[in-house]
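S.K.: The primary structure of each chain is shown beneath.
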Amino acid sequence: MREPLLHFLLVGAVLFGFSAWNNRASHPDIKQIILTQGDLEQMIIAMRAQGLPEPGPGQMRHLIDARVREEVLSREAIAMGLDQDDTIIKRRLVQKMDFLAEDLSALRDPTHEELLAWMNEHPQDFAMPPRVSFRHLYFSPDEHGAKTRDTAVEVRLKIKAHVDDSTGVQALGDPFMYQDNYSDRTPDQIGAIFGRPFVVKVFELRPGTWSDPIQSGLGWHLVFIDSMTPARVPEFEEVAEEVKSAWQAARRDEFKAEAYDVMRAKYGVILPSFESTNKPAMPASEQLQDD
Amino acid sequence: MEMNKKILAGAAVMLLGSTAFAVPNPEREAWYGETHQHTSWSFDAYIFGNTKATPEDAYNYARGKAVKHALGFEMQIEQPLDWMAVTDHAEYVGVIQQANTAGTPLSKTGLGKKLIVRDPADIQRVLRLLVGSLLSNKPIPELVSPALASSAWDKNNAIANAANEPGKFTAFNAYEWTSTPNNANLHRNVFFRDSDHLPKRPFSSFDSQAPEDLWAWMDKQREQGIELLAISHNANLSDGLMFPSEVDFKGRPIDKAWADLRMRNERLTEIKQIKGASETHPLLSPNDEFANFEILSYLLGGAQGRFATIPGSFIREALGNGLAMQETRGYNPYKTGIVGGSDSHNGASPYRQTNFFGGHANHDGGLRERMAGHVLGGFDVRALNPAGLTVIWAEENTRASLFDGMQRKETFATSGPRLKVRFFGGYDFDSDAFARKDWVKSAYARGVPMGGDLSAGTTGKSPSFLVWAVKDPSSGNLDRVQVIKGWSHSGQSFEKIYDVVWSGERKPDYITGRVPAIGSTVDIKEAAYTNTIGSVELKTVWTDPDFDAALDAFYYVRVLEIPTPRWTTIQAREVGILPPANVAATVQERAWTSPIWYTPTAEARKTARTGGVSIADLRKSGVTSFTDAELAELVVGKDVWLKNAVTGAIFGIAWETGGQRTFRNINPRDPQPQHFGFAAEDSYLGVSTAYTISNGRIMEDFGDAPLSWTAYKSGDKTLLARSDEFGFANYEVIPVPVELVDLASVKR
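Residue numbers (the working numbering), protein chains in the order written: chain A, 1 to 291; chain B, 1 to 748.
Hints in this document: simulated from the structure, not taken from any laboratory. Heads up, a few of these hints could be off.
What the hints assert, rightly or not - In silico BS3-like cross-links for lysine-lysine, where the CA-CA straight-line distance does not exceed 27 Å:
no.	chain 1	residue 1	chain 2	residue 2
1	B	Lys68	A	Lys90
2	B	Lys485	B	Lys256
3	A	Lys90	B	Lys256
Let the hints inform the model, and build the full structure from the sequences given.
M.R.: Here you go:
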């Protein structure tokens, strides 16, 4: 048995919240299970939380018996080594280590200078998407079938004169199920309405003139760009909160990685031999088994 | 004062200018989101091999960033979501929570001070402290005290709060209550309206496996000012327990209090997710040619020697049973709205056939595992399918507005694509309602949206419905829009599917009235399709041609896309094999709305056509049910002809002496109530089923659930009753007919 006490402490104590190890019995053959006032209160709270009335003496007895049974069996199981090589227990413990590392990494607040520096190092993480304002004429495949694009081309020729104005032009298209004008929209917002390929084409257009027919997921369109705002990196003040949470996320990953490295350094790993096709690269701390 | 008003007005204008589309829209917008996402913090996700994806990763994925699958590849959403809830299982985080007395936060303890990290050197110091302790087997008491370990629920909420950006992206505080008695899925996701009012710990299935206890706990929370709601999911895997009609989980008879408790807390149910659809089943809806869609029946964990029960496991049947309960008992526990979800355990979900990467980490994440039909806990992963979506009609993208939309049941689900559908019911819509630019505003003023209740009409006028659907610009065109109607009479619930608007020039079938199939452009070998058939937009004003003001009814809309390749067909091409034969090669993606209900007034009920006789009334007049001997005398070795008192349909049953019975002469055009299955086909093909007589009942089985007949003598009439018809004897024994069609009564 490797490190039975460690297993006991982590599984028995952490998972089930007992504090028996602090109160070892003096008698070597009798192990003690100590329930505190707090433990009993918790049982009562749990009953209340289920909308049940306060437990009476009989029910309290039952709860205590169940609790003791849980503790006895889990301790005995651990003593028998049933926790060993149990994937569920192992993974749960790993997860708790991760949580622990996360908690510890969150104990420090970054300084203003650190955040500024962070933003300067990762400007693209905070970039604001481009925005576009446009009007469009819609040509519906439900109306024109295979001739939809042709219809759009005809209308485009008709409105040549109206290059910088849409007045009176809207009636030349079909009624569109959503809006005829969109102002200040991001690529994601336009994509949600018209589909991705349309977004790419719209952001390639120049403002101030009607476009040639462009296909969307809903049909064909003539598009008139009113204005276009390119993508930009915002001022720090605009995104201070995001920078802080990005910094914290990076700290957390860093801390977890470092914590792992320190612990990992205490282990050597021995692997079986591999067939040549899938033999992994070997770091110094790993070696192949002699066979 | 005047000054202040001006400033405020100015501020409002500026706000409008900068965020024109973040202003609440009184006509409501469709917000697409995810009700059901697991991360590595869920115990089972961890076991599946997802050891890394955190709730933060899940929110990042929802907002469009690429995240890593457990197997190392990148997952990226095709189109970011408007909102999401990470719903990790309460269990295990819950049990640790439970052990936690209100402890001192770690940072205030002596150890906490030692652990505070100020600069990089501190990290090393802290690690030495921790690792040294572990290796010397000397625990640090503060660390193993639950004060630290308990914080998963708090952390989950903190992450949701950080991800929540009102007007841009909503992240709900939520968790999953994971009750799985005997491998049956009774799971519910629990959502909270705001982060200022959250319980100290979630109610987990360790607290109780009974849904009634969860709802009672929710009631308690509400009394303390915590607004919350529950969404049931995977009814298809519930072994018949999701929608019971006689007794609750604890075996107590269902009553009005139970129905009220359920409806107070659980107004939504999930119709489709990665583990199958729960709308209906071909056996329950034999006349619905689109019912066979992503059916997945099994028991969680692959229980040996048992199979999932069909009745009680599907939503349309529950909606129908709800009407029958309203009619016969005066309450309806199943006025449920419709949502969709993923239940992915990857911290990220695929919503499209073209982007399917499974939902269970290592078990279905690899192309080869998937296409080899890996068996995961009792089912073949090829039966999995992309996640569903929930769409909420709400004024703005905030927790409060979306939560209220869910409580109104103003929701619809899609099988994954971004279909959009509006549905209003009322008595006052113009036939050209859609000609108005402001038709939505007018529809809200004159009717009720999906999830609502039609007022009882005063004149007996048939209700009409505005139905509007638009395709997903990145998916297939629309085939048709259907209204699915259910109604109840004498405890019999019926369903009928109306094609209300469809693409192209198709003519409805002369006899059935159904619009023929649209055909397919799918090239299965190439796993490709074209949008050369189907419509972009379909809309109509539809009036119920069969409305009966005396009967309870529900109406919901189903929108169907044209056929497109299923993910298995696409990935079969990638690995160079034939598409698997155990799942469909193509699918018709779809959307389902929450229903609109019609409930008659007491006056209107009195005008109902004559139906069956209530068994309670028979008993009051001294009638007793047949004994086993009387039942045997009535049926065994005989052909018994019956007339359904509600529909007037006549049919026979041959009860063989060997314990098999077979329907005779069931007319496929006669409407059949619930649980007759493929009766017309069975009667034509001579497919029999077993029966036994015991305890005053003729016992049979339907869809792996018991169903029985009882018999009564009322005057000179012999009446049969089915156990699933809510206390009505609806079948009169009639003489063997000489002619089945009364031609004299047919109008020419």
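S.K.: Going through the numbered hints above, which ones does this structure break? Give me the numbers in ascending order.
M.R.: Hint check: 3 fails alone, others pass.
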